[in-house]
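Asks: One-letter residues, chain by chain:
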Amino acid sequence: MKLMLATLRRDAVLAARNPGEWLNPLAFFLMVIVLFPLAVAPEPDFLSRIAGGVVWVAALLATLLSLDMLYRADVEDGSLELWHASGEPLYALALVKALLHWCISGLPLTLLSPLLAVMLHLPDSAYLALFLSLALGTPVLSLLGGVGAALTAGIGGGSLLLALLILPLYVPVLIFAAGAVYQASLGLPYTGELAMLGAMLSLALALTPWASSAALKLNGLR
Amino acid sequence: MTGTSKTQTLCLNAYDITCERDDRVLFERLAFQITGGELLQVVGPNGSGKTTLLRLLAGLNREFSGEVRWKGREIQSVYPEYARERLYQGHTVSVKKPLTAMENLRWLCAMESPGDEALEAALESVSLAGYEYTPCAQLSAGQQRRVGLARLVISQAPLWILDEPFTALDHAGIAWLEQQISHHIGHGGAVVITSHHALTEVSTQSELVLGGGV
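Protein chains in written order, with the numbering used here: chain V, 1 to 222; chain D, 1 to 214.
Keep in mind that the hints are not guaranteed to be accurate.
Said to hold, decoys possible - Calculated cross-link-like contacts (lysine to aspartate or glutamate; reagent style EDC-like; alpha-carbon spacing at most 20 angstroms):
#1 V:Lys217 <-> D:Glu63
#2 V:Lys217 <-> D:Asp22
#3 V:Lys2 <-> D:Glu81
#4 V:Lys217 <-> V:Asp124
#5 D:Lys97 <-> D:Glu120
#6 V:Lys217 <-> V:Asp45
#7 V:Lys2 <-> D:Glu112
#8 V:Lys2 <-> D:Glu117
#9 D:Lys97 <-> V:Glu81
#10 D:Lys97 <-> V:Glu88
#11 V:Lys2 <-> D:Asp116
#12 V:Lys217 <-> D:Glu20
#13 V:Lys2 <-> V:Asp124
#14 D:Lys97 <-> V:Asp77
#15 V:Lys2 <-> D:Glu85
#16 D:Lys97 <-> D:Glu132
#17 V:Lys2 <-> V:Glu81
#18 V:Lys217 <-> V:Glu88
#19 D:Lys97 <-> V:Glu21
#20 V:Lys217 <-> V:Glu21
If you're looking for bench data, these hints aren't it; they were derived computationally from the structure.
Use the sequences and the hints to build the structure in full.
Replies: Okay, structure coming up:
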């Protein structure tokens, strides 16, 4: 527990000293959303139909961009080995890392989303759905992505492999989240989709830390 | 041999340890014992398995046959407890360059959660007084190692497992580390070390030579 808090604090300070690492994916996310209406068609009717999907695809890709660095530095400088040597369980580390990753990627995306929805002419009825789907869905992306990052941390240039491994797992989140926003924009109930996202989040919270821990043992600690 | 489980004396036993890596036998049927007040220096040419042996003794590597016991019990079966009682320092310095010496040391000693005074005193003892709040990116390789080694001052662990701790240290640093080790042993601690450096300060030491025939 002490080590969990210390790591949370250390990594937060590291993120604050190295803002480029997490601001870049965020900037990428913003740019995609800003450029989309320019490239396609700036008609409100058309944009409002695709808005949810565009925000979600951009959020998913931005998350993927920032995943690669999750464990790499710790594997290289021996911090991971020290964590293991301390006797603290590795799933606790996986949980801390996923939480931190969400705080610097998913959380800002979620908070920015109402603003972006305006730019894409999202109907008023779908604002809450977009916000809630991001709030429930992006932690799943961080948790699942953590497993992939743990698997590829020891491989040089593993980011493409990471994308290949993780994207299929992201597809259900994308389908249900974008579905919820679309339903809401038509004025239909979307609680079913949100419930599915909630279920995915609970499942990911319960299972992915163990999967990440097994993956870390495989590659950092032979 | 089984009598050690009753007494709580510091005792690390290795029984019949064999380790292979990529179809090559690194070491075979090793058996030794280290008790409190003793130092074991593992020597051998590069690639002879010194680091592998140390990681295995630290409980970080399970790909071997044989058994390692701490106080008479198999280390994996008492792992969290064993982890608190031994200090493992790998050959990499786990120092984050954007962080200051204090911040790094605070993380490295997180399990002991020492106060700021204790951290400052530890850094002073490794001659880093005045560098406490300097980012480690601005420190030299030797100074970064000193930040890592300042753990030894704070740690309460009776068993130290140190992998090439003398790397990149200057004469003063080497003397300091030797003094720390002999102090630890003098107070009943045990030390396992890999190094090509001959320790002059420590009297009770034994040597384990790996890879003689390879």
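Asks: Starting from the hint list further up, note which numbers the structure goes against and sort them upward.
Replies: Numbers 4, 6, 10, 13, 20 - these are the hints that the structure violates, sorted from lowest upward.
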